[in-house]
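Please arrange chain B on chain A, whose structure you already have, making use of the hints.
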Amino acid sequence: MIQLTTNATSESWGIRHSTTSRGKVLWVDADGSVVLYDGVKTNALQLQGALGAVDDIVFALGGGPTPIP
Amino acid sequence: MTATNPIDPNQALNVEGVAAGDGAVFVILQAFAGGQAVKHVFQVDPATGVATNLTGNAPVPGAQGRLTTSNGQAAWPFCETTDGPAKLHFYDGANLRVIDTNISGNPHLARGRLVYLKPVSGVDQVFLYDSTQSNAAPVQLTTATTGTNSFPQTDGSHIAWLRTEAGSTNRQIALDGGFVLSTLDTAPGEFNEWREHPFQLNQGQFLWSDLSSRLIYAVNARPSPVPLDPAISFSGNNCCIPWLADGRIALVGQSNDTGSDSEVFLFTGDNPAKNSAIAPFLSVANTGPGEATALWDKIAPAASYNLYMALDPRVSSSNYTSIPGGQKFTNMTSPFVITNLTNHIYFFVVTWARDNFESAPSGVAAAAFWSLGGAASGSTQLTNSFFAVAADRTNGSVAYASGGTNIYKTTDSGSTWSPQAGMAGRDVRALAVDGPRVFAAMRDFFGGSPSQIWRSSDAGGSWQSVVPDGGQIGEQNKSLAVDPVVPSTIYGGDFHLPAMNEPADSFLIKSTDAGDHWLHLPDPTIPEGAELRAYAIAINPSNNLTLYVGGTGTPNLVKSTDGGNSWTNVSPANGYVYSLAVDPLQPERVYAGLIDFSHQFGGLYNSTNGGATWQLKNMGLPSPPPRISSIIIDPILPGHVHLGTDAGYYFSFDAGEHWAAASGTLNTSQSQNIYSLALTEAHRLIAGTAGGLFVLDLSTINAVSPVLEIAREGMDTALSWPSSIVGFNLETTSNLSAPIQWTSVTNRITINDTKTTVLVQPVAAAQFYRLRKP
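As given, the protein sequences belong to chains A and B, one line each in that order. 1 is the number of the first residue of the first sequence in my numbering; add one for each residue after it. 70 is the number of the first residue of the second sequence in my numbering; add one for each residue after it.
Chain A extracted, bound-state conformation (with noise of 0.2 Å):
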């Protein structure tokens, strides 16, 4: 088990459609912000700066662009 944020405020994601893929992880950050860790390190993928919150219902991490075999 690893722990992959250390800050201050809270992560979250939906109830609804898986958030995690091959190893890689999307969250949304207190600010806002979405948030992807790749399986080696976390990028910022898009803050929200004068967009709307982020509606946890409509958010997923897809699989990439080929199936598992």
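FYI, nobody ran anything at the bench for these hints, they're computed from the structure. Please note that a few of the clues may not be correct.
[Stated by the list, open to error] Chain A stretches covered by chain B per the calculated footprint, using a threshold of three residues with CB under 8 Å from any CB of chain B:
| id | segment |
| --- | --- |
| 1 | 14-23 |
| 2 | 53-60 |
[Stated by the list, open to error] Computed Cβ-Cβ distance ranges for the label pairs, DEER-style:
| id | chain 1 | residue 1 | chain 2 | residue 2 | range |
| --- | --- | --- | --- | --- | --- |
| 3 | A | Arg22 | B | Thr677 | 28 to 36 Å |
| 4 | A | Asn7 | B | Glu571 | 43 to 51 Å |
| 5 | A | Val40 | B | Arg383 | 48 to 56 Å |
[Unchecked claim] Far from chain B by the CB rule (all over 10 Å, computed), these chain A residues:
| id | residue |
| --- | --- |
| 6 | Asp31 |
| 7 | Ser33 |
| 8 | Leu47 |
Positions of the beta carbon are idealized from the N, C-alpha and C atoms, including for glycine.
Chain B in isolation, oriented as in the chain A frame:
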């Protein structure tokens, strides 16, 4: 993403749902018509973000529930009228079709297989639509007319759903074909944040939260709690559902690093099998004398199944011909009944096949066939309560047992037993053996006869009392242990000699002269008032000054590193310790069987650091855990551990990580109440139970088959095999046509550090040789 509102192109759309996978993205976009929500499904080009409407422009309620996608296909429930029946829409990657109507809940799609619910006669039934088949059509998988079925899931191979029987509140994870994955102990818990996914299925692996809020991860149909750090909580505030994919689990939980905020964690589990080779799940149960029944779940792409059986847990589709008892059953249908099974544990795996492809094997399942031991003279079977069993580790098939107020001896690993002269009428509760020296401890009664220790120095032929007054502390449980390094040192538990100095002395006594003289060992000095009650004693065979003593005292488990002169509290939890064992191959690995009548802490505890810390290892044991009376660790096979409990026999071949029940023919409440286990050098496991003495032949497990080499050596022929492998006879024949007449080779044997060699004179004809274990 760009999309056109199908009702009013000038109006925006709300995104109401999404499904992404395998390079495809589908969304539900909501418009409004006359104030009513209209939801249509769009496919999104991941490269351009352009969304294409798949379900038309009609002002209908449209898509309901959740989208599901796999391999470029997608499915969803769709309503054309308010409160109308939900149709099952299936997009096959090119065209949209309606598969069924009046469905319930959400469908699930994986690798071309679509599972969903539809009410039939008032009960939601599970249906499969397999788009990989020509002329695909819905197939009803369940038929129960009572109870409930919900949440169907598939990984394209397994098909599972949540099943609750009528009148029950226990949920089960049921699979197609009648296999049930969850147990009472691991039943899926309350839904709460799991309401959308009471369990998850991905590439043959499962994840759910059980009634105890444990996160359960099942690989090869073996559920285990995810080992969460105690500092991590995955439930409560600031938490949401974990996700399982590709052998990893992502979870948001709380840690104690910087406060009460949640953090992201990633657990790496087992690498899943390739989707195309996912194996069935298999269970095997004893269903009659010499009979076992194998049951496995149906795998969607399977055309047939092969079942493999052997007397070794390493059985697989590739090695079954080279291990004892290996056998293959082809083109099988579940459930399958196997008969004529004898006194062994039989191990099974199953594969599925289609055309020329065969899948990976399932996890191993087992069935045990215990034999009831009998009296050596006549055909009387010994069905009394047998409280103690001890094997002579220096003599392959010798063991002793106490029961029916006598001591019995076997010289054939438990098949037949003879009462020992001089011990008739004595109620012996503990035995210890070192070659010809045998020690027996009797129970005591308040106000009655004191406990005694008897010794035989001639392998049970005659007996002398070496502790005639062991006190009357009213204790039925006694314990004895012979030092494995210095066998003249013996420990005895729960005695009160006349010379006992209370409160400084403990109830643990020790002899250093093979039982001639005994003295009390001290109680622990910490905590104040500490008092040992020694139900179990275990000595480190690599360092005989280190021993562990457990029981009902305070502390309930202590460790000494100076032969019992001082003690350290190493209690794993509240409760009473009934059994202890030190792993002879890894002496820092210690096991303790603990019973807790509040049912909070009991079960099997395991320490890998000599008792400094303990982990509860109950996976596979009943809930609440049984009283574990006996723990046997195989001295040769790493990680092989055997438990005798008041709920039958359990074994683990992974050092306690998982337990499998193998009571089998221990099928009465008396015979399942095991007081003691012993493993003979010949690898026969003997169980002393409330219903008699039983034996199970384990000699075939991890049995080593030596390679017999043949070479010219001067004018002779040399036949040789590794000298580390003993117990085989060399046999020869000149003709392999049935019936083969093998005869023993009695030529002189030469043994060096590496090889056992027999020289024979060549003959002018074919001659064949083999090694055979009698």
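Verification of the supplied hints:
1. 14-23: Coverage by chain B holds for the segment 14-23 of chain A (10 residues, Cβ < 8 Å).
2. 53-60: holds (count 5)
3. A/Arg22 <-> B/Thr677: 28 to 36 Å: Since the Cβ atoms of A/Arg22 and B/Thr677 sit about 32 Å apart, the hinted range of 28 to 36 Å holds.
4. A/Asn7 <-> B/Glu571: 43 to 51 Å: Roughly 59 Å apart at Cβ, these two residues miss the hinted range, so it is violated.
5. A/Val40 <-> B/Arg383: 48 to 56 Å: With Cβ atoms ~37 Å apart, the hint is violated.
6. Asp31: 13 Å, holds
7. Ser33: At roughly 13 Å from the nearest Cβ of chain B, A/Ser33 sits farther out than 10 Å, so the non-interface label holds.
8. Leu47: A/Leu47 clear of chain B: closest Cβ-Cβ about 18 Å, beyond 10 Å.
Of the hints listed earlier, those the structure fails to meet are numbers 4 and 5, in rising order.
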